[in-house]
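> Below are the chains, spelled out letter by letter.
Protein chains: 2
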Amino acid sequence: MSARSVGRPSVAVLSRTRVAEAALKLLDRSEGDGFTMAQLAAELRVRPSALYNHFDGKDDVIAAVRELVSDRIDVTCFAEQPWPEAVVTWARSYRGAFAAHPPTIAMFATMPLSGAARTQQMYETVVRAFRAAGWPEAHVLSAIVAVESFVLGSALDAVAPEDMFDPEGSEVQFPAFADAYAARAAAVPPAIRDDAPPHERCHRFADAAFEVGISALVTGLAEQLAAFTDGTPPPAS
Amino acid sequence: MSARSVGRPSVAVLSRTRVAEAALKLLDRSEGDGFTMAQLAAELRVRPSALYNHFDGKDDVIAAVRELVSDRIDVTCFAEQPWPEAVVTWARSYRGAFAAHPPTIAMFATMPLSGAARTQQMYETVVRAFRAAGWPEAHVLSAIVAVESFVLGSALDAVAPEDMFDPEGSEVQFPAFADAYAARAAAVPPAIRDDAPPHERCHRFADAAFEVGISALVTGLAEQLAAFTDGTPPPAS
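Read top to bottom, the protein sequences are chains A and B. Numbers 1 to 237, taken from the numbering used here, label the letters of the first sequence in order. Numbers 1 to 237, taken from the numbering used here, label the letters of the second sequence in order.
Honestly, the hints are just simulated from the structure, not real lab data. Among the clues, some could well be false.
Just a few of them, taken from the derived set where beta-carbon distance is under 8 Å, the chain B residues facing chain A [claimed, not checked]:
no.: 1; residue: D157
no.: 2; residue: A196
no.: 3; residue: G220
Where is the CB? At the ideal position from N, CA and C, for every residue including glycine.
Turn these sequences into a full structure, and let the hints guide you.
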């Protein structure tokens, strides 16, 4: 029997990407319990030791999964659009990338970035764009993290049930809330952004809140930026 | 042997609050795996059936845990401060309440609110305050959810390691990022808000990003509100 028999592919057919894709699939299925290296090896029908030809360990696999997810985040916008519009485009694609994989939202928000080189490259590009727009170096990361916090919280909201606030049965006790719930339902159209690519589409109430919030946040950040730059042209990046 | 022997307290000593506190303790310990009714009964040293004298089931327990966590959120600010300042105060205490219990962040962001009457009461108060400030009824919930998304994303950031972005070892590959990381570390003081109550204190980089973001978000929302109210006095709540 060949060592390359069906059911036990050789190490050669594994790749970091293939392993990361399998790990992301396990994560999505696990609903947050995560995965073990043994489960990952079983999913790929290889021995656990084969994984260690490509990865230092589980943290390294998770870094590769982070890269997979963050590959969907658009940073080309920073080269093509003025800073405020680019931040909105970046945030929309960022929310979509994470909302497509709910268990990754809280996980990647709280785990070190090291080892995820393509994700670090994303940050390198975003940091350069913020600096080019005039953000003082010491404030760049706080502004970026503020946007990310809104994006990841919005991704959680996007994967929540559309009717999570449904006040049915407590309209008498909480009338203002019930009225606001009904008024929103009547006012928010089925699709907020007809032009959105499929992976950026979430339920309509999440889209409505996201658009209100990202617009407000970028308006406020632009005012902070203007106060920093104080009329002088932004420094070169 | 008495039915009230040590190790099997009678149903009478249970209360919704005591059960909810035990469930929150299990949740915090579980790191996101949650808890079962059997584990909860064991923790309280009662039979599982005793829990059902107080709760319809696990969803009902979770609603009571949500109430416990949201009890820490300050809404008195809406009666005491102008709308923009009150939103900031509310957001700070909201972030602190959830950051104190990390597994609750993603959980409550994505589960229906029904059954958590004290939490619904919080929303009733907040909705009334937004309406009193002049927000049109159909836009109130989107504005509130936008703030909440930022708050919950910021709570995730607050429970992340302070050094999650540490670029050590990749400074040559990602120089702009490494410079921004070093500049932030040099500029952000150890405590952003000396006056913050203990449960609102998070690590300094999370505090810095939160303050930048909530300030920007409220600035932008205030501008949206001004466009709605267009100079006319806000309607009575």
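> Going through the earlier hints one by one, which of them does the structure break, listed in rising order?
Per hint list: single violation, 2.
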